[in-house]
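Engineer: Generate the whole structure from the sequences, applying the supplied hints.
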Amino acid sequence: MTIEKPVEKPGGISWYGLPLGVVGVVIGFALGIWIGHRVDDKFTWFADTGQNDFGILLAYVLSTIGLMVGLGFLDHPVRRMAGQRPALSVKSEGGLGRYFKMSVDHKVIGLQYLFGIAVFFFIGGLNAMLIRTELLRPSPPVFSPGQYLTIVGMHSTMMVMMVSSIILGPFGHYFVPLMIGARRMAFPRLESLSFWLLMYGAIVLMTAMSYGGFPTGWTGYPPLATQANAGMDAYIFAFFLTAVAMILNAINMMATIIGMRAPGLTWGRLPIFVWGMLTTSVLMLLGPPMLIAALFMEVLDRLGSTSFFTAAGGGSPFLYENLFWFFGHPEVYILALPGFALVLEVLPVFCRKPLWGYRVAVAGLVGVTLLSFMVWQHHLFMSGINSSLRPFYMFTTELISVPTGFVFLAAMGTIWRAKIRFTVPMLFALAFFFNFLIGGVSGVFLSDVPSDVTLHGSYFVMAHFHYTIMGGLVFAFFAGFYYWHPKMTGVELNETLGKVHFWLMFVAFNSTFLPLFALGMMGMPRRVSTYAPHLQFLNDWVSVSAYILGFSLVIFLANWMWSLVVVRRRATANPWNARGLEWQLPTPVPAENFPRIPTFLSGPYEYGNPSPTPLVQYEPGPAVAGD
Amino acid sequence: MIWVVLSVIGVLLVFFALKPHMPPGNVSHQSADQTETNTVIAAIMTPIGVGVIAFLVYAVIVFRAREGDEEDGPYTKDNGRVQRTWILVTLAIVLGLAIYGTDELLSASAGIAGVGGGQGPTLIRSAPAGSLQVQVIAQQWAFTYRYPQYGDIETTTLALPVNRPVIFNVTSIDVIHSFWAYQLGVKIDAVPGTNNTAGTTATHTGLFDIRCAELCGLWHGAMSAKGEVLTPSAFTSWIHVQQAHQPAPNTMPPHAKTYFPDPNDRAG
Chain A
2 MTIEKPVEKP GGISWYGLPL GVVGVVIGFA LGIWIGHRVD DKFTWFADTG
52 QNDFGILLAY VLSTIGLMVG LGFLDHPVRR MAGQRPALSV KSEGGLGRYF
102 KMSVDHKVIG LQYLFGIAVF FFIGGLNAML IRTELLRPSP PVFSPGQYLT
152 IVGMHSTMMV MMVSSIILGP FGHYFVPLMI GARRMAFPRL ESLSFWLLMY
202 GAIVLMTAMS YGGFPTGWTG YPPLATQANA GMDAYIFAFF LTAVAMILNA
252 INMMATIIGM RAPGLTWGRL PIFVWGMLTT SVLMLLGPPM LIAALFMEVL
302 DRLGSTSFFT AAGGGSPFLY ENLFWFFGHP EVYILALPGF ALVLEVLPVF
352 CRKPLWGYRV AVAGLVGVTL LSFMVWQHHL FMSGINSSLR PFYMFTTELI
402 SVPTGFVFLA AMGTIWRAKI RFTVPMLFAL AFFFNFLIGG VSGVFLSDVP
452 SDVTLHGSYF VMAHFHYTIM GGLVFAFFAG FYYWHPKMTG VELNETLGKV
502 HFWLMFVAFN STFLPLFALG MMGMPRRVST YAPHLQFLND WVSVSAYILG
552 FSLVIFLANW MWSLVVVRRR ATANPWNARG LEWQLPTPVP AENFPRIPTF
602 LSGPYEYGNP SPTPLVQYEP GPAVAGD
Chain B
2 MIWVVLSVIG VLLVFFALKP HMPPGNVSHQ SADQTETNTV IAAIMTPIGV
52 GVIAFLVYAV IVFRAREGDE EDGPYTKDNG RVQRTWILVT LAIVLGLAIY
102 GTDELLSASA GIAGVGGGQG PTLIRSAPAG SLQVQVIAQQ WAFTYRYPQY
152 GDIETTTLAL PVNRPVIFNV TSIDVIHSFW AYQLGVKIDA VPGTNNTAGT
202 TATHTGLFDI RCAELCGLWH GAMSAKGEVL TPSAFTSWIH VQQAHQPAPN
252 TMPPHAKTYF PDPNDRAG
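Here the protein sequences line up with chains A and B, keeping their order. Counting from 1 along the first sequence, just add 1 to a position and that's the residue number in the working numbering. Counting from 1 along the second sequence, just add 1 to a position and that's the residue number in the working numbering.
Be aware that a few hints might be false.
[Stated by the list, open to error] To be clear about the criterion: a stretch of chain A counts as covered by chain B if any three or more of its residues have a C-beta under 8 Å from a C-beta of chain B, and this derived list gives those stretches:
(1) 275–286
(2) 358–365
(3) 386–395
(4) 406–413
(5) 452–460
(6) 466–474
(7) 522–534
Just so you know, these hints were derived from the structure itself, not from any lab. Source: prediction; values computed, not measured. Positions of the beta carbon are idealized from the N, C-alpha and C atoms, including for glycine.
Structural biologist: Following this line, the structure appears as structure tokens:
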């Protein structure tokens, strides 16, 4: 077992990292504000606040550059230009310090994603608690209307930014190379860059509060966005950073999965989770460029006196709605596909059966990917589209339930005649199908134009997408979290607390969001801070359930921190007796992953096979050339 | 078997227990159509949902691993017949739903097609003769109504005659709003620079709720009002009262199909 270690030494740059990055942010931010005022001190849209959009945007740009330089992203290009020989990385560096700087180890980046996303996910969750506090009574309000809209916008934008990477970030980066038999991702530096861009995007979004917030929710529709104050710039720049991070992630994932599979890992043997990452990446590559274009035009409308979306100048707000949702609908499936793939990955392990209908499941993922670009107009059924097009988009939207049904079929086939082990990940995976069923069924109402007339823009929509995103994706995330945590950290979680977390969260989640369907049907619009008094009982019910839902996540956090920091019970290398390649590796996973690149001999789901073939062999067989 | 029993019970419940309460009611032809669609979809979705949940519950109870059973399950990988059946059935359901929805959308109900949703600059089927034209002008945070057939009078409250087709022309003078007359089954986005049309025919007199259904700034939540459906004679006298009060202090721009907000007018 010989591992070719990179000979490059880490010496000389160890003081790089997050502290220096923070310095870079401060310098960049101050410089941007200063230049902004220096160039044009009359450039203030708001005489009363003295806010200078140009300076603020410049500050965001320069501080992003400052952060990336401080974290060490310029090391490599500078060294190359100085004539030093290239070195991939220093993977052997240990300690906590490696989590606070640029890293080229996909396992470090996976853990960075896990903790980073957890932090901002909880901030987004606290915003949700504030929203439910406001809605405890129809009036008088707890927060001012501006504060309330900012809280709504922060919750929605933060959550969309975080959950778009909640599975691809931690689990995709950590496990895709391990599952396909690669030592690293195709572009390790881009991988790290995408993480830090996402994190800085979340921080930029939070600075919106100091510039008066933003009133538009996560959709950022002009002309409301054009007339909004400087907090809008924070939203635009944060979402822009997220979109860039998504594109970088997508390129990296696709290159890795297509190009770096170990010998013998044919497309028919690829774990379904890797298929999910691949299809998600296709969406992430093609959707966000449209968002960047839309946001760029919005910035120009705000700063550059253009009028893409200003009706008075010949522009059209409806154009923005189309551009946004052409990104926005694939984004919805960027959130759904990883969940599908993850639960299908977890089910066979605890059913002790092969994944039933593997090809159907793959066809489902691919079918959703293709169809998701043809349905965006269903967000705009009432917005003034040429009405003869509405039946077409109604049909494509309903058609997407066919490939989604494939995923359900694969799951139901896998469960049939299985030997189900009710571990915590399995409970979350089963709950995923219950929740997503309700989400999907309610989606049929919204796809049908006559029903949608009433339900559009109401709480019904809100309940629908929380069932698919929170009940679907987040439940799938927890399935993956409890499933893979022993491998990622080498520490076992407390199973009893895990089950308490599951049941409390499952019951509280349904108790929170089922009444919202009724509220929507009774005519409560989204994003309101006041509502009709006769809706108060249901709203109070929802608020109390939401607090319990929040409390269940506190239990989760307590379990996680207690197990990780205090108890630290060592996990065995393969606690679930799973067949996936990632479980055949020792815990903690060695820096270079494999002693040598393995050769796959069979697929990962051969549970119950009476004459099993080993999954991989490390000595190259006679038929396999190279490595 | 369990599934059949539960599905039959569920569908019957949908039609007899749920239908009278199904929104948005039957105050207009359009809302009655929507209520019917909602009921039909609920009836189709009930057996599907019940089926999957019954399957899950059955599987979880019957196929759980017993205490001390460490063996793997059977080695079954797929079943072509089941898969083909599933694909054909789901496709058939989807096609049926799409055809039903398209038919509801395109067929005229009391002369007006489109079930109350915003139809863009022109109606998909031309409006019947004698229909009432109403222009709805949205702004932060109120709606103003104009009746071009009655001397272009301008009101801050909405009144409509019963049993007469009404065509709404909706636009906005600042940001995007959405005109939602809940009981009438009407929802039309108000987009600056766009004339968005839709129609309805009210069949019952009485009050109805009007709300803004698109986030439009600070007081979006408070942008609501009441409208009223009147008998033809009451509507005529209401119009006379309104005409007597014209010209009201007029802050609105002169009559046009669409309005273009001033980009430099930032409300903050």
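Engineer: For each hint, tell me whether it holds in the structure or not.
Structural biologist: Verification of the hints:
no., hint, in the structure
1, 275–286, "violated (count 0)"
2, 358–365, "holds (count 4)"
3, 386–395, "holds (count 7)"
4, 406–413, "holds (count 5)"
5, 452–460, "holds (count 7)"
6, 466–474, "violated (count 0)"
7, 522–534, "holds (count 11)"
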